[in-house]
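Undergrad: Residue numbers (numbering that gives the first Met the number 0), protein chains in the order written: chain L, 0 to 199; chain U, 0 to 199.
These are calculated hints, taken from the structure and not from any lab test. These numbers were taken from a predicted model, which means no experiment stands behind them. Don't be surprised by glycine CBs; every beta carbon is placed ideally from N, CA and C. Zero decoy hints are in this set.
Which chain L residues face chain U? A few, computed with CB under 10 angstroms, are given here:
| # | residue |
| --- | --- |
| 1 | P18 |
| 2 | L143 |
| 3 | L155 |
| 4 | G163 |
The chain contents come next:
2 protein chains.
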Amino acid sequence: MSNSVLYMSMSVDGFIAGPNDGPGNGIGDGGDRLHEWFGMDAEGSHLDAAAHLSGVNRDVMDEALATGAVVTGRRTFANAGGWGGDHHDGVPIFVLTRRQPDATLQWPAVTCVSDVKDAVRMAKEAAGDRDVLVHGAVTAQLALTAGVLDELHIHLVPVLLGQGRRLFEDMPPGHIELEPTRAFSGPGVQHLRYRVRQAG
Amino acid sequence: MSNSVLYMSMSVDGFIAGPNDGPGNGIGDGGDRLHEWFGMDAEGSHLDAAAHLSGVNRDVMDEALATGAVVTGRRTFANAGGWGGDHHDGVPIFVLTRRQPDATLQWPAVTCVSDVKDAVRMAKEAAGDRDVLVHGAVTAQLALTAGVLDELHIHLVPVLLGQGRRLFEDMPPGHIELEPTRAFSGPGVQHLRYRVRQAG
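Modelling step: build the complete structure from the supplied sequences, incorporating the hints.
TA: Below you can see the structure in the form of structure tokens.
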């Protein structure tokens, strides 16, 4: 059974990007601090990043790279330069966007989808029995609200960024209960995992 | 050597109170969810709360209650009904406020202070070799910014509140590095501890 799993590096004060994130400025002013634990900048290759890691952090990265499809927001996709059309291993990438696809989205593995439920369903179908990697703050919020996010894997980075883009912003009121499934520490990061308990 | 230690229960999305917190509504709509792990409401007695805890959560509460002074914000103080003038064991309480003290602040253990550096300094003097318990979002932000917060002990509650009052809001830009010192889990809560690395 495939799970949709959010993988995001977040500061202790809840930011997943510094101020002024965008194409050409990656994950924002000072935002690269959040990616130091895996030793890459926002537009680096994930495969290159995994190669030099070891221990817990390597395990986490290997697991993320074992996913069979990616669901990402338009902003995250654009900030990362679309990963050159290949996030890892050429798996299908579903970009959540209501805009018409532009030229940068014409890579063969990339599909534009306007509804988050459709995106997660299509990604799970594409992933088979592998998990789906979910990426991006807006996408996470939409998937949580729509009830289609199964797990949160937060890489908690021991820093206060002060300002930037939050992982959880503009969520509707109403609690979403989480079940901690694992918490473990690697160099420079704490990995916190939760199962989302969908409302009965 | 006395340390100033922030003890706060926080949701995974960064909230320490639900919406509409205030006197009469404690830590806001649904905010009591954050205090379930120690089984009390916002105006309950901390000593009563500790008595029925066991294991890790009991250890954490005992440690908080071994502090020798309290520094708290005006809002946190008011929301909690001023703890009836006695947070625990009658230790001195320093309330950070720029307002003139009103009648509710006339308990003997309570001192109003307008500057956060003064408040922490006075509290450390009062606490002797014991730590100082720091409480409240605004107070935490001011103490961090002023460089007088030594440690963060966050009780991370596995829930997304969606809306409410954030622990870290309106902080100035500029990173504050943290050193993880301990992470451990109790029933219904994960305790994350950090040492604040002051800028050289």
